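Take the given structure of chain A and dock chains B, C and D to it, following the hints.
From first to last, the protein sequence lines are chains A, B, C and D.
In terms of this note's numbering, the first sequence is residues 149 to 476.
In terms of this note's numbering, the second sequence is residues 149 to 476.
In terms of this note's numbering, the third sequence is residues 149 to 476.
In terms of this note's numbering, the fourth sequence is residues 149 to 476.
Note: identical chains are not told apart, hence a pair may lie in one copy or across any two.
When the alpha-carbon atoms are kept at most 30 angstroms apart in a straight line, the in silico DSS-like pairs for lysine-lysine are as follows:
# : residue 1 : residue 2
1 : K202      : K236
2 : K366      : K154
3 : K465      : K436
4 : K202      : K366
5 : K242      : K314
6 : K155      : K465
7 : K447      : K465
None of these hints come from the bench; they were simulated from the model.
Small disclaimer: the values here were computed from a predicted structure and weren't measured.
Okay, here's what each chain looks like letter by letter:
There are 4 protein chains.
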Amino acid sequence: MSKKIKKIGVLTSGGDAPGMNAAIRSVVRTCAYHEIECVGIYRGFEGLIEADFKPLSARSVNNIIHTGGTMLKSARCQEFRTDEGRQKAHENLKNANIDALVIIGGDGSFNGGLVFNKAFNFPIIGIPGTIDNDIFGTNFTLGFDTAINTVVEVIDKIRDTASSHKRLFFVEVMGRDVGHIALNAGVGAGAEEILIPEEDLGLERLLESLRRSKKSGKSSSIVVVAEGDKIGKNVFELKDYVEENMPEYDVRVSVLGHMQRGGSPSCFDRVLASRMGVKAVETLLEGKTNFMVGIIDNKITLTPLEKAVKGKTEINKELLRVSDIMTT
Amino acid sequence: MSKKIKKIGVLTSGGDAPGMNAAIRSVVRTCAYHEIECVGIYRGFEGLIEADFKPLSARSVNNIIHTGGTMLKSARCQEFRTDEGRQKAHENLKNANIDALVIIGGDGSFNGGLVFNKAFNFPIIGIPGTIDNDIFGTNFTLGFDTAINTVVEVIDKIRDTASSHKRLFFVEVMGRDVGHIALNAGVGAGAEEILIPEEDLGLERLLESLRRSKKSGKSSSIVVVAEGDKIGKNVFELKDYVEENMPEYDVRVSVLGHMQRGGSPSCFDRVLASRMGVKAVETLLEGKTNFMVGIIDNKITLTPLEKAVKGKTEINKELLRVSDIMTT
Amino acid sequence: MSKKIKKIGVLTSGGDAPGMNAAIRSVVRTCAYHEIECVGIYRGFEGLIEADFKPLSARSVNNIIHTGGTMLKSARCQEFRTDEGRQKAHENLKNANIDALVIIGGDGSFNGGLVFNKAFNFPIIGIPGTIDNDIFGTNFTLGFDTAINTVVEVIDKIRDTASSHKRLFFVEVMGRDVGHIALNAGVGAGAEEILIPEEDLGLERLLESLRRSKKSGKSSSIVVVAEGDKIGKNVFELKDYVEENMPEYDVRVSVLGHMQRGGSPSCFDRVLASRMGVKAVETLLEGKTNFMVGIIDNKITLTPLEKAVKGKTEINKELLRVSDIMTT
Amino acid sequence: MSKKIKKIGVLTSGGDAPGMNAAIRSVVRTCAYHEIECVGIYRGFEGLIEADFKPLSARSVNNIIHTGGTMLKSARCQEFRTDEGRQKAHENLKNANIDALVIIGGDGSFNGGLVFNKAFNFPIIGIPGTIDNDIFGTNFTLGFDTAINTVVEVIDKIRDTASSHKRLFFVEVMGRDVGHIALNAGVGAGAEEILIPEEDLGLERLLESLRRSKKSGKSSSIVVVAEGDKIGKNVFELKDYVEENMPEYDVRVSVLGHMQRGGSPSCFDRVLASRMGVKAVETLLEGKTNFMVGIIDNKITLTPLEKAVKGKTEINKELLRVSDIMTT
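Chain A on its own, in the form it takes in the complex (with noise of 0.2 angstroms):
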């Protein structure tokens, strides 16, 4: 039978993403709520082997909800991925009398989780927050609907540049290995074609496009490139091909970096977090263990975090589709 659990420890790990304060004033007002305690445990699983532990009251994540980053910092931890520092942690999780740990992170993250609580049969809940949307077990991450909003924007900026001098743009955008934020964003930015790893356009058939479009009237036209994309080694590769095939064009490439991962969360991101925090804070009230919450039409669910962390989501066929409509 497992213990009652009195006071729960949170902790973000991996990339940080916007909402993951959200994330965390919710862990910790839900705490209250049910009159337990709340602990922060800083730097991720740097911060469990360290003991860097604050109790978190609710009022002390007033204000947080949104600013992007993560108050309770995170880092890459080589330690935890031993014996001897999972057992530095576990000791100190019971030195502080820590009943159970939220983490809020990504599939390496929850990777390690998973190891911990094989070790020590230790509760943990995993809340999914990252701006790639890779995580299975999840319609949405934390942290992705800002990231393609924030990737909209600064397209819309730099397509004013782009047609008042017909230009060609290549824009590479996050996304590790998955095509999420390029599809999307690229399709509320209005790209004119969108290079993601889950399709081989391939070189010759981008060439294609690209004359079509400048042959329909277009005079300027923005490239949403994945960082995942294999289709040139990289998108200065990609523009030096195009630039040799397509001389008529002026090219340029914008590679927009960690701006992706902070700002403000969008309203979707907040409320997402408020209530993935509620339900990651009840189900561990409720004796479960190793699950990752997730949405999933529009429900808030819970998936097993062995499930989440081996699955591989999808790309939307459909949206696929849609994109190259839109570009006829």
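For chains B, C and D alone, coordinates are given in the frame of chain A:
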């Protein structure tokens, strides 16, 4: 047997919403993709009666996906409620060889479309465009996501000044007789209390809640009030009531008003509009009529327009509960 | 001879304005640069009387340059208007070994500071922080540039919906009894008419102007009204008057309210605040008192506080003329 | 004696900048106000040679004041550097009865205008439009204020993720061979170090500064690098150098690129553009030529174009010092 569709008219009607231009663009481009003609009808049903038509090519909708408002304009039209008005409209459509209509608007507009269809057996499809999210048959209407982002951004600003001065703000948001904007934006903005027509909190419990919030150490408070809420006669009387009963509070009112209807659409609204426009045109091409395109559980769906105009949306009970927990 | 200054107190008073935190940060860091101590005084003069003090290190103001509001809070304080209140304040300062004060606020706050200086010969320097830009001795007050950006962004949104519906909007903006926000944001937003207290247009000429605008082919109009303008009793009566006399217009009102006081400061306001904070501290270190830091012709300047509180700012006549020409 | 001016042409040339559309609108409306004609010349000098002209009425520039880019497009044009090219341009202007030109652009464009004026005694006036603020004879060029706001907004986002992960970011900003954007946006964004071509910090001192910052307790750092800075060969080599010498830092690079040129202009840029457009037209109407409109000490001024293209802007020494103090 339904006549083959070669030319589609598109209009926007009722209150405008961000994403309408993205939907128009999608309708136009989908027509081009299927090699049929598309005609823009200006000023809603008024333009139908006055034959205010203009052919729209794929290029004519360049650079509108990111704009607010509606390039086709919108208008209220009494004449379309008469047999004579609709007769004129029908003749204009026949003269222009328009075979079907895509109506982007709310339930009032869909009602008009249904009556028109019954009178002349004229094919119509609706796309739900309103910030209020009050239409049955879709989880999200076009413009809702943008509007809640606009509201949280404004409340973030108001909170800066509220927390600098220990003030209580009543912020009135749109939503006609439903509380979707208030509930979502209220949770997203971290409001201390959210007043919506679907729930009668009562003045006494509002005071209790504010007193509890004050006692818990909060020095400033934001209360989000849906315009359809009936707790006070209006938000100004609410202010007077609270000031009388809690003289320790410096109370202010902010009525957000029409800014909620404008602005560049969010990525979500742009993508949703693009998907809905494709579905609307392709549904007409399949020979169907009297459906509304919607999004349910992340899938683009069709709902009979009759159901859409009669059905009621429901407030998300789980989110209501999350809201209560967050204000612990 | 003035005593050597080793510890400076800083407070914000009156209405808050974006850039106040950047100014606090600058005061704190400049003290650290000159190796003297800095103390934050919370809640303006109220905190002075209640000895609500906290030492501020260079690191304690990390990550506030981009935030709205004031981390030191602000408050109105009746007690500071009495000899007794000021006496308490002075004792608290002596007990805390604070040698001088930087007061960030508007003319009311500067007046309080002057009275305090006269009573106790206590060194003070003012930094003009108010969105209204109504302080003599500086071309720009802190927060003004941010506020006019906020206003044009909101009016851009309102225009989306106004032009979709052929509507006339009266948009009331802040500014107390001067029209600087209205004039600048009105020109920036492309308003058809701008009503400010410095110019009495008269109701009849307003109607004429609106009729001319309508005749010229404009289908929607934005009229920006300064809160201090006296053309109608208030903006709602103005609406009624115009609707009676121009029934062809669908008139709406939007009172922007307190959102104009919040938000992340513009780059201009952050830079200005940084410059003013340096000058304020270094002026005190030079043994001077009773000056207000300002920016005149792009140079950081000093104006005697007495002049600053008595002088009047003037409306830019050239910009008034530009406004007239733009609405041709 | 100069001929009476009855028709003015307006063009944008060189890199586009936010506020160009507001300036075009102002030129057009000022012509309408003075009851003379205005003609838009598309694609800069290229359009002059190809007679790509279109009359612009006061209504044709509705709803562009808030847009980025330039509705008249811009282009580089080799042919205008030849006698033959300029000859064609002059004939086109004569054929179209255009009596004078307003050139909105940078020093390259002004040089082209001067040569043209010398050849044909054709009246021209320049309006400085470039985000770089590198033109002598004006405190601010059109687009600079918007660009520095864009940069600080992006760095605010980058700081979210930098401070979540203890990272050092090099952020490269535009500015050609001057550091105005870097210095202003660097101070506004609270950068720990700002590298500009006007000051040679040296690699060794950069390392010292970063070490001092780290020791003082800062866990993350932003270094803003002007594109014209020569401290390293480029920003990526700078990264490599620092990583080699400070392995404790996780260093990232972000090259902001063309997004800095786009976006809706700030209120300041819209107002400035409106004022400059009036002055440009009225200066031509007074029979003057070869001047650049500028803003010096808040007043609209005229500078001989020859001076404008030869003079150099200077970096604000006081702001450099403020920057040093802020990073204490």
